[in-house]
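Asks: Residues per chain are reported as follows:
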Amino acid sequence: MKPAQALLSVARALSAAAALAGCAEQPIVAPLNYSPLPATPDEAFRAEPPAPSPAVPLAPVDVHSASLANGLRVVVLERHALPIVSVRLVVARGLADLAAQERDTYKLLGQVMGGGTARRTPNELETAWTNLGAGHAVAFGSDGAWLTARARAGDFDAALDLLAEQATRPRLLARDVAAAQSRWLGDDERFHADPTVALGRNVSSLMFGPGHPYSFSRPHEGRAGAITVEALSALHARLFQPALATLIVAGDVTAEAAGASAVRCFGGWAAAGPPAARPPLPAPVAGGARVVLVHRSDRAQVHVQVLVRLPALSSDEIAAVDVLSRALGGLSSPLRHSVRDESGAAYSFGAGVTSLRGGGYVGVGGVLEASLAVATLRNILSALADARRRGVAADLVDGARASLLADWRARASRTDGLAGTVTSAVLEDRPIEEAFTFPARLAAVTPEAVRRVAERYFTDAAIRAVVVGDGRRLGDLASLGLGPIERRNESAELVGQ
Amino acid sequence: MRHRPIPAAALTGVAPPPAPRARARGLLAPRGRAWLAAALAFLALATLAGPALAGFGCAVDDTRLANGLRVLICPSPVSSDVSIQVRYAAGARDDPGNLEGLAHVAEHLSFMGSRHVAAGEHERRLEQVGATNINGATSMDATVYVETVPAERLALALWLESDRMGYLLDRADEAALTRSRPAVLNEYRERVTDGLLGAVPEMVLAELFPKWHPYRHLPIGTDASIRRIQLADARAFLGTWYAPGNATLAIAGRVDPAEARALVQRYFASLPPRAPPQRPVLPALPPPDPAVLYVAANVTRAEVRVSWLTPARDAAGDAELEIAAAILAERGSGWLQRRLGNAAGWVGATQESRDLASVFSIRVVVTEGHRPVDVMAAIDDALAGFDRGIAEADLRRAQVGWFDEKLFRLEAIASWTAQLAAAAPERPSMGFFDGDLARYSTITPDRVRWAVRTCLGRAHRVITVVVPVHGTPNRGVLVRRQGAL
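As you go down the protein sequences, you meet chains F and S in turn.
Under the working numbering, the final residue of the first sequence carries the number 497; numbering is consecutive throughout.
Under the working numbering, the final residue of the second sequence carries the number 485; numbering is consecutive throughout.
Excised from the complex, chain F in its bound form (with noise of 0.2 Å):
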């Protein structure tokens, strides 16, 4: 035996004498086989990538709808994989059909309609969900509100009638509302610490100016604490009408028996009133610095969003628009390849787009080494700047089509992604067969119509920046050439420049 591999036998054998007494230092582990491995022989086939089988066909989704006599859309897919179905209640009024002091009464409003019916306390409310062992959630957004339920086939009566308990009767008593308010207020104290909140925020912001719906605005408890109860009561009764709302059913029931339930739980369902109206969306407040730092100290990374907004697209330039940033922001995309493995400059790094009823925005951005954050910022640009002179390359392309038809597939193959999907019609106001149609307008994308609407909305005018980090480890971001720097909070309120 040899010198080294006898020292390392007994080297072993302690450990394993010390292991015994419990009073190692080090973790007890198999010791790794350090000598050279032969290499695995080698077979001529395994040269090339094999071909493909032949491909299967992307099964229809059927899609069955009706109206109910008091307005109420009923849509329903039919998805018998699974014994589950996922149901949606959409009413498709939200911050921006609000004039801008009703805009709190509608966000306290969604979170007095998370807790408790007018039968029901919050606790029973609760109760009767987990002993269905159904998921359920409430969401208030910039272009409506849902209400959602996840449960198994066997208990989806049950679900719906819960559902439309607390869509229609929502718990209005002063206690409970105080309690939503404290809640509501609690939780915007609580994510200040996080800074991908903080980078939302400021995004939102950033893209639609001061006071626009889309964008953030922090509760005061002032005027949170005098919202009234009648005030949310009135404000429930003018959104929540069945004129305004889609039931959105899919899974493992039948058309004929989900609208059956529909007419069950939801046929009596009356106006209160005149609907809500739909006033023109306000347009983005322009103006202001185009750069927002938000300061966070002592952090070693920085969070970072370069941004352009978008008007309302046509549903062709949305498919463009999607493939353009996966492009930019996918697995198989140079610029990602630049940034994770060629300067090492982060771990988490992509591009997505926002889409709301009044247009949306597209960010290209990560969590940065702080110290290599500007020169991420001047390649990025760069990238956007080289998509709007030359375009993307035209297997860029196929890759971006084909991974984004693989997100949709996965999607449409999940009940709650099928209610998903025409959730999102329904709020962008959107024909709902539209969001069916997407595969084959992501087939009709060509590198020509990329480049187009990179050259139409990426100009250097258009771009944005939201920074959030430690300022002093960042560098000159002033170099960037994007202008003045604007300093935010947490909240994206100005705190100086």
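Some chain F residues close to chain S (C-beta under 10 Å, calculated; not the full set):
(1) A39
(2) I84
(3) Y347
Derived list of chain S stretches under chain F, where covered just means 3 residues or more per stretch with a C-beta under 8 Å from a C-beta of chain F:
(4) 88-98
(5) 178-192
(6) 209-216
(7) 275-281
(8) 288-301
(9) 323-336
To list a few chain S residues with every Cβ distance to chain F over 10 Å, as calculated:
(10) R64
(11) P75
(12) A199
(13) G245
(14) D318
(15) T350
(16) E352
(17) D355
(18) S361
(19) R371
(20) A377
(21) E392
(22) S441
(23) T444
(24) W450
(25) H460
Derived by calculation from the structure, the hints in this document are not laboratory data.
Model, not experiment: these values are computed from the prediction.
The beta-carbon is built from N, C-alpha and C at its ideal position, and this holds for glycine as well.
Following the hints, position chain S against chain F.
Replies: Structure of chain S alone, referenced to chain F:
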């Protein structure tokens, strides 16, 4: 898309015919006793839960190649795609001392190419053919590689994974390590250095596990240990553990078992066998000393966390504690939520099951105006409630919630391969997959009470109190440690 009207008769209040349930794949296990056991388990669960829970199950083709690779193939109706997972039974528990994070670095290195696949080509090829969920992950016990591909691309996925299994060392060189390390360091900064309370998990592990235990460190390692890892270490890890005999290949979705078996045979059968080393037998894990850790962090709300060492995965008490966690913090109606009321902004309880030992945790975010000491008292009261009695309704609610959560997860085809591959090598699939839904059907209130009494006592728990202090790092800083409360 086909758009059709809902039949008018359905909208007039006329009773519809009974809705067809999901086509029951039936309990198709070829092995009679296993079929019967599963059927009885379902009946028991159905009885316990009231209205009948739809039975669910799919056949599993369970084989092992001559080189030791276990192959599980499960046709599933939930997706037109195919999910693939390769699971190597090696993880952070196999990191040598001072090289914490080695398994994770090796995972990153494995995306830098193999003999026939260039660096980055694995992800690129998959994305370009419409794959999703392309990823790798390192845990304490295993390293997994996953992708979900269109059904016609199964051969491509198997070509890529077999190249990784058999030919990885060809490209595991200094350049590859140099490219991998920054992403790992950035991941560490994101999760730990800058992560909200990112330093707390390691503080707790250091209290629960002695220095010699492989679970004492996080899979990601530390900044220092990541930088210490040399190429020879990474190559040794891959050479030691990434072998067919230490791996499970799971395939689920739109797949024909015979065709899939043929493809697996083509791409994996010729890879040479290489037995993994025997892991040393560990001494008995002593119960930890009770401790209270006071952590200052730049957060806005105080937190109370309580952690215990608990039985390993599948050991007696493991499933019972999972149910106990659901009883304590099931969405909004758990015992903790009811006792804490407005004092808690968020409540959670988990039984994190692992191969060698598990960790049970309770976490409460304290709302303003309430004190951590009162929250701790409520936690103790909730735990004492198990001794006072568990109502059948509470147990049923927890089981139903657990069952449904499992069922909902099955909509994603990747969860099938995750569960199949994670099944212990010794545990046969019995030719049947039900997502483990029947496992919890025989748990009784007495068993849950026993598990809580035995495992969640005051004598051996670690309490962490997070105190908001502006200006301290987000990750948290230990300011004081004391023994039992």
